[in-house]
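J.: Listed below, chain by chain, are the residues.
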Amino acid sequence: MNANGKARTDAHWPAIRFTVNGENRTVNVPPMKRLLDVLREDLHLTGTKEGCGEGECGSCSVRMNDELVNSCLVPVLQAANAEIQTVEGLALDGELNPLQEAFLQNGGAQCGICTPGMLMAAAQLLAHSPHPSEAEIREGLAGNLCRCTGFVRIFASVAAAVGAAESEPAKEPAMEQTHHAR
Amino acid sequence: MNTHATTRIVGAPVPRKEGVDKLVGRACYVDDMEREGMWYGATVRSTIPRGLIRSIAFDRRIDWSEFTVVTAADIGGENIIQLIVADQPCLADGKVNHCEEPILLLAHPDRHKLREAIGGVKIEYDPLPPVFSIEESERQDQVVWGADNLLKSFLLEKGDVDSAWAGAAHIVEGEYRTGAQEHLYIENQGVIAEYSAEDGVTVWGSLQCPYYVFKALRGIFDLPEDKVRVVQTETGGAFGGKEDYPSVLACHAALLAKKSGHPVKMVYDRMEDLAATTKRHPARVRHRTALDKDGKLLAIEIHLDTDGGAYSTLSSTVLSRATLHSTGPYLCPNVRVRACSWATNHVPYGAFRGFGAPQAVFAMERHMDEIAAVTGMDPVDLRRKNFLHEGETNATEQLMREPIILDKLLDRALQECDYYSKRLQFARENTRNPVKRGMGIAAFYHGSGFTGSGEVYLNSLAGVDVTPEGKVRVLVSNTEFGQGTNTILTQIASEALGIEYSDVTMAAPDTDMVPNSGPTVASRTSMVVGRLIERACQQLISLLREQAGLGAKHTREEFLAACERYRAAHGELSSMCRYEAPPGIYWDDQKYRGEAYGAYAWAIYVAQVAVDTVTYSAEVEDFWAVQEVGRVLHPVLAAGQIEGGIAQGIGYALYEKVVLDGGRMTNNQMTNYIMPTAEDVPPIHVYFEQIPFRYGGFGAKGLGELPHDGPAPAILNAIRDATGVSFNSIPLLPEDLYAGLAASQPVEEPALP
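Just so you know, the protein sequences line up as chains P and G, in that order.
Take the first sequence: its position 128, counted from the start at 1, is 128 in the working numbering, and no numbers get skipped.
Just remember that the working numbering sits 1000 ahead of the position in the second sequence, which is counted from 1.
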């Protein structure tokens, strides 16, 4: 990004306009460039990750016009005039939003590489289904692969984000201290 | 019981240290980094499994003056990836020994130009006959490595196996096979390298072991220690896959950086990562077991063989751990284990969570259920009858000095899963239901830390210092890749120093900043490195008491004030500790006898499985994991490790198949290499029993690898319980289930408990 806050441009290509996290953005890039690369390279929003490049892992998930999309499969042309939300747009005035806070408290993130995509999938789910059942949570996250957690604590995080009133708090494992004479 | 009774921070579910950065998208992985003037690198790889390189030609339609091209001839030091055995070249020189072997490297300022350029390098070969299986390799049809294809072998003997057969009431034999498994970390392998005459080589990368990469770079460039620097960037999953392979990639990028004069980024795409990097060793394990009439083990004889691939990488140490875990947590007076790792012309296999133990435990625990079937015993009773106890010796004649509570773990597991009622219920329902359900058990242990004298050789150094801003920093080369290193070491330091969790930070994982505290592998961080940090903190307090007037009991503020006084008087304040073996440790590397591991974690896992005899799918419906891992330092992180390991173990058993054809992986995409998704993972019930281990950090033993050992045998045992058919190979895909169920009438009805 240069000093006046505009993305790097290439005059050969027609301008494509959209909003990202509520801000108007214009890029002059090849129209078939992947939205993922435009976000990461042209707009320097590197929170969105590439895991497989073929729409299987969901790490590059962003919300576009209230749909969850794999940004590795979206040519930027398709994003013209769209409203896009990335992980960078989740926190509120620098504070974690309830979903992020729930992931932090419930062990929903381990290595963190699937986390941005997982958060976007969860945000999409909660936007349309504010009180999801466990089956709905599983279905809502089925397009996002996590290799660290086994998903258990991600489900718990989403359930916790729904609110203590509507959901059970994440369970801690059962612990017992076993005493032995030494 | 309140496990937090004596500690404030250890044992408490504090927030993950780097958690916020990961949740807001700020955590910086290597592909998120750029360097001024950075170029991109790519690899030209062998398309054949074995042969001589006859010629390399460059397509004239490409302007090669724009590219930097590196071959083996550009390597100033030795063309070897320094690890254990000096056999793997950094770049093939004249011959290739596996598909995807790196031959030539390219760099260009525009990464989009690289794909076409790779296609523009034409390599001609004189092919040689390849070897693709353990059987071909051991027969020495072709000698593809050394004098006899044998990468490593071990012989472990206890008692007198040969005399035991004659008096046996039962002799049970079985052969078990496990497939390759891909780590499938979601972040592919990647590094950025820079080179200058003044500073030497610097590498930033996604990796587990900065000092392994450091050693490899020194060898390739023949540089002194002060001219090599390795920095771990945020790492998006590793599971052993970033233990040895990053050394290869770092050397490649650094060679391109040196020759091009630019920083060079190399990040594999998924297809290249799957095709070219290491996987779990495939294994064949043959068991022959003698029992007395009551079901007590009299003798165990095991032949354990692994496919090591074309170069030795970590095959010797993987084989060692497989050998030492092959007889399970049982008492047996007579044991012989012959273990061999064989060279083939597959991509070299390497480290993967469990490191040989999952292969060995699969065979042993599957075999225990076969023994139960042959002898007519209940699988639970058979195990219980043979469990190791405190004061007894295992296969290496290691005296079990610590309490062993396998009976208690087993009781807990049976109770939590309602084992006997479920087996009765399923046996009743299965007769009239096309979906057959069953319950399966695995009992196992996993050794924490390096094997035998390994920790002594590592000679790890770790410690803490206090910055001018009054922050305590943990100085280790142990890395965070999701498992919680940052969090638990910070907990240990803040607990031991009597300060707050937020007062402690982790020094950057940068070889210019931190000492070599050993690799982040082998379930050693909590137990071994955690203990070093605990000791370093105790030492720091003693220093402050002696030289800075810190009282016998102190508050956080008094501690920080004492640090300031010490710094004012003496300058820098730090406290370093070196590894010391617990007393009485004895290990014989030749005879494979003695204290194989400083401590063991113990577990009983139970799987509930449903096999659909119409669709031939097997589904894990429920899973119980009961374990004793010493003190649990962080309940949420610890359970997260167990759950994640179990999910990988379920994949190992039922989903994940590396399809090899002519030495190449043909399903090198996430589309057709299938791992469990959010809809496949069952509820996982995790229970910890805690017996603090006196030589581990605040009582911890290792737990990271343990959960990968048990799921596969528990699941296949449950499938036997459900169907009456024994399946002895993994992965067990629907087509395998079909073949097995269609081919065999059930050998017997599932035994009622």
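Keep in mind that the hints are not guaranteed to be accurate.
[Claimed, not checked] Label pairs and their calculated CB-CB ranges:
id: 1; chain 1: G; residue 1: Thr1671; chain 2: P; residue 2: Glu67; range: 45 to 55 Å
id: 2; chain 1: P; residue 1: Glu95; chain 2: G; residue 2: Arg1545; range: 53 to 63 Å
id: 3; chain 1: G; residue 1: Lys1385; chain 2: P; residue 2: Ala135; range: 56 to 66 Å
[Stated by the list, open to error] Cβ-to-Cβ under 7 Å is the rule here; a few derived chain G residues that face chain P:
id: 4; residue: Val1014
id: 5; residue: Pro1015
id: 6; residue: Lys1022
id: 7; residue: Arg1270
id: 8; residue: Gly1470
id: 9; residue: Gly1482
id: 10; residue: Ala1507
id: 11; residue: Glu1643
id: 12; residue: Ala1678
id: 13; residue: Ile1684
[Unchecked claim] Covered stretches of chain P (chain G as the covering partner; in silico rule of three or more C-beta atoms under 8 Å from a C-beta of chain G):
id: 14; region: 23-34
id: 15; region: 84-97
id: 16; region: 122-132
What the hints contain is simulated information worked out from the structure, not anything from laboratory work.
Built from N, CA and C at the ideal position, the CB exists for glycine as well.
J.: Each of the hints needs a verdict: does it hold here or not?
T.: To see whether the hints hold, each was checked on the structure:
no. : hint                             : in the structure
1   : G:Thr1671 x P:Glu67: 45 to 55 Å  : violated, 22 Å
2   : P:Glu95 x G:Arg1545: 53 to 63 Å  : violated, 41 Å
3   : G:Lys1385 x P:Ala135: 56 to 66 Å : violated, 42 Å
4   : Val1014                          : violated, 10 Å
5   : Pro1015                          : holds, 5 Å
6   : Lys1022                          : holds, 3 Å
7   : Arg1270                          : holds, 4 Å
8   : Gly1470                          : violated, 25 Å
9   : Gly1482                          : holds, 3 Å
10  : Ala1507                          : violated, 20 Å
11  : Glu1643                          : holds, 4 Å
12  : Ala1678                          : holds, 4 Å
13  : Ile1684                          : holds, 5 Å
14  : 23-34                            : violated (count 0)
15  : 84-97                            : holds (count 6)
16  : 122-132                          : violated (count 0)
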